[in-house]
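Letter by letter, the chains look like this.
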Amino acid sequence: MRVTLQQDLDSINANLLEEGQLVLRALRGALNALREADAELADEVIAFDDEIDDSYTSIEQGIEVLLARQTPVAVDLRLVLAMLHTNLHLERMGDYCVTVAKLTKLVAGVDPEPRMLQAFEEMGERAEEMIRIALDAFVERDLEAASSLVELDELIDRANRRVVKQVLELDSDPGLTEWGLRMIVVSRCLERIGDHAVDIGEQVAYLVTGEFREFTDASHPVERS
Amino acid sequence: MTQTDTMVSVAPIEIAQRPERSAITTRRETVFDIQNLTVSYGKAPAIKDVSFEIYRNMITAIIGPSGCGKSTFIRTLNRMNDLVPNAKVAGDVLYHGVDLYGAKVDPVQVRRRIGMVFQRPNPFPKSIFDNVAWGLRVLGMKDNLKDRVQHALEQAALWDDVRHRLKKSALGLSGGQQQRLCIARALAVEPEVLLMDEPASALDPIATSRIEDLMHSLKNEYTIVIVTHNMQQAARVADLTAFFSLEVMPDKSRTGILVEYDATEKIFTQPSDKRTEDYVTGRFG
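Sequences listed follow chains A and B, in order. Each number in my numbering comes from the position in the first sequence (counting from 1) with 148 added on. Each number in my numbering comes from the position in the second sequence (counting from 1) with 1 added on.
In case anyone wonders, no lab produced these hints; they're calculated from the structure. It is possible that part of the hints are untrue.
[Said to hold, decoys possible] Have a look at the derived ranges for each label pair, beta carbon to beta carbon:
| hint | chain 1 | residue 1 | chain 2 | residue 2 | range |
| --- | --- | --- | --- | --- | --- |
| 1 | A | D191 | B | E54 | 45 to 53 Å |
| 2 | B | S170 | A | L165 | 50 to 58 Å |
| 3 | B | E155 | A | D191 | 55 to 63 Å |
Keep in mind the model is a prediction, meaning the values are calculated, not measured. Note that CB positions come from ideal geometry on N, CA and C, so glycine has one too.
Chain A with its partners taken away, still in its complex shape (with noise of 0.2 Å):
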């Protein structure tokens, strides 16, 4: 039944998890890059990001079409939107690590706080983890692993806030204060990565609940400790 509707959908459920795979090679590089202060590398993350938005805007366009032409609705039209935002919450991802990257030739002449590198590795696998959670929750249509997004989340944010204690911590050497400064952008683009995953998780649960609820709250949020 609706074989075009069905093609259609799969399509683009397709091109939206390559993109995926697209933000995961971006995010790899630009962590590589960052950890050995490799210009070259961090431009190809950059020119990489051409690709990123090229899917973007295949998916947009596709979904658009689909839209006009298929009028989905109940469970397909869950589907369609959270595939929607799906797109743009992983093109987002793809400009944080191009922010990485710029960062990083920017304070490429700068020897790194290597206890700081290492906290960005961690943090950057975290993120990368969470990516894939997302990716495979939306796949299996998998409520339980969306919800665990949060718990990492919190990891990132708290690894986030670490950052900004150390960079405080730092000596007063001018070049050193410039790179601590640019580090907390980076750190913040890595945290802001989980939050775009986590968001990828709410669009599950909308697609398997039909209810659309953030999983914190970001205006009244829970004590932390």
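With chain A held as given, fit chain B onto it using these hints.
Chain B alone, transformed into the frame defined by chain A:
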């Protein structure tokens, strides 16, 4: 012998094999080239000055408000209007470059090449088998009759429903099955083009969906032109969409005109003409 050669031959009727068609259309091949077509019943033109091309292995939808000449238009493509007294056709309808209204053209051969399915399923009060075999017998296509009937029923996605009751009356089928039987009947004589005039408007949503899926699978082998008052149906099934509308003439009479013809996704996301936009958004008509 080419298809068009066959079409203009008068007698005896020669049964040419339909040429092999590629499942994938890599380029647009024109089947119908309609030029300045005006069709009148009596004095008033029902459609005026319509020009566009219809392409092979594509589904082309004709949409527009009531009275805009959609059915008149589709009926000119296989000379069904010949049967209407006072109907007068001006302009050209070229089928593979041959004027369909040329003096030597045999309307029976035209209708064999260009089959038609109507709004209301109209099976004959005969068995399911005989309904499909009817056109084959009339046209002398009697070799492998059983295989031909089975193939047509399979193409129309009806074989599994009726294989054990081929001798039963076609009138015992549901509305949706009857319409698929009419499609099988049209396909049996191996046409190149299938014209469908509101083929699902008398069917429920499930039966409609089956017809639409069927059209999707048939377009690999056939060129399909569908008239529909259901815009969403055009949006769902058609590759190309032509929007017809009514124009008020200086003498206050109304006549159908072609407003816009484009890829369906263009018509339904970003039409070029405001009249099309007003129609597809429900602000007019």
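Task: Outcome of range test on Cβ distance (D191(A), E54(B); 45 to 53 Å) - done: holds (49 Å)
Open item on the list: Does the beta carbon distance between E155(B) and D191(A) stay inside 55 to 63 Å, or does it fall outside?
Closed with: Holds: the Cβ-Cβ distance is about 58 Å, inside 55 to 63 Å.
- [ ] Using the beta carbons of S170(B) and L165(A), state whether their distance is inside 50 to 58 Å or not.
- [x] holds (51 Å)
In summary, the structure agrees with every hint in the numbered list given earlier.
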